[in-house]
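Taken in sequence, the protein lines are chains A and B.
For the first sequence, the residue numbers in my numbering are 1 to 114.
For the second sequence, the residue numbers in my numbering are 1 to 113.
Since the hints were made in silico from the structure, they are not lab data.
Even glycine gets a Cβ: it sits at the ideal position worked out from N, Cα and C.
Incorrect hints may appear among the rest.
[As the list claims (entries may be wrong)] Listed next, the in silico DSSO-like pairs over lysine-lysine satisfying Cα-Cα at most 30 Å (straight line): (1) Lys2/A / Lys67/B; (2) Lys56/A / Lys67/A; (3) Lys19/B / Lys106/A.
[Claimed, not checked] Here are a few chain A residues that face chain B, going by a calculated C-beta distance under 8 Å: (4) Arg28; (5) Ile47; (6) Ser82; (7) Ser84; (8) Leu102.
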Amino acid sequence: QKEVEQNSGPLSVPEGAIASLNCTYSDRGSQSFFWYRQYSGKSPELIMFIYSNGDKEDGRFTAQLNKASQYVSLLIRDSQPSDSATYLCAVTALSGAGSYQLTFGKGTKLSVIP
Amino acid sequence: DTAVSQTPKYLVTQMGNDKSIKCEQNLGHDTMYWYKQDSKKFLKIMFSYNNKELIINETVPNRFSPKSPDKAHLNLHINSLELGDSAVYFCASSQELQGYGYTFGSGTRLTVV
Numbered sequence: 001q002k003e004v005e006q007n008s009g010p011l012s013v014p015e016g017a018i019a020s021l022n023c024t025y026s027d028r029g030s031q032s033f034f035w036y037r038q039y040s041g042k043s044p045e046l047i048m049f050i051y052s053n054g055d056k057e058d059g060r061f062t063a064q065l066n067k068a069s070q071y072v073s074l075l076i077r078d079s080q081p082s083d084s085a086t087y088l089c090a091v092t093a094l095s096g097a098g099s100y101q102l103t104f105g106k107g108t109k110l111s112v113i114p
Numbered sequence: 001d002t003a004v005s006q007t008p009k010y011l012v013t014q015m016g017n018d019k020s021i022k023c024e025q026n027l028g029h030d031t032m033y034w035y036k037q038d039s040k041k042f043l044k045i046m047f048s049y050n051n052k053e054l055i056i057n058e059t060v061p062n063r064f065s066p067k068s069p070d071k072a073h074l075n076l077h078i079n080s081l082e083l084g085d086s087a088v089y090f091c092a093s094s095q096e097l098q099g100y101g102y103t104f105g106s107g108t109r110l111t112v113v
C-alpha cells in the first residue's frame, strides 16, 4: 500500500512568518513530488513540483526533497492571509499495472493570521 | 477558456437513482482521471484512461463505470446510488502517464438523499 502522510493541522502562522508543511511517503520507487493548494470549495491547484533531491524555489515557495529520508516539504515565506488553504502533497510511483499513479496525502490545513 | 470542465457542478439525487457526470478537457492531454474527495477532504483516485484504454481501476464498486468516447472526454456513470457515494468528484487530465502537472476540473458535488 503506497501511502503519503501529512499532518492534518490546522497549522496557524502569523502573517509574514514562514509556514513549513511536511510530507512523508512510503514507496521508495516514487519519482515525482507535487504540492497542490486547495481553497475551500475549489479544486486542487498545482503550485510546485520537484523531482530531484534538494531545494527548488519559486517566488515565495520552496519545495525540499530528501529521497533517502522519503521526505518532502514546502516552505512558504512571508505568509499572507490569501495563503490560507489546504495543502496537498502528492507523489507519483509506478503502479502494479505498469503505469504511474498520483497518490495524494490527506492535506494540511494552513491558516495565516493577520 | 476552461481547461478541464465538468458538468454538473452540483447534483442532488435520491438513493437508487442512476446518474452521470461529464468531463471534457481541451488541453490535448492523453490521460484523464476521476478522483473522489470525501468529507475529510481525502482525494482518492478512482479511474484513469489513456487513449481510451482503462489503465488504473482502483477498488471501486462496479456501480461506477467510466466511459470515454474520445481522448478529450471521460464521463462517469454511477448506478444505484447510495448514501455513501455523497462526495465531491474531480476530473483531471495530464500529458503523460507519469502524471506531471495534473489539471483538475472544478468538481461535482454529489449529494445522495
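Output the numbers, in ascending order, of every earlier hint that fails for this structure.
4, 5, 6, 7
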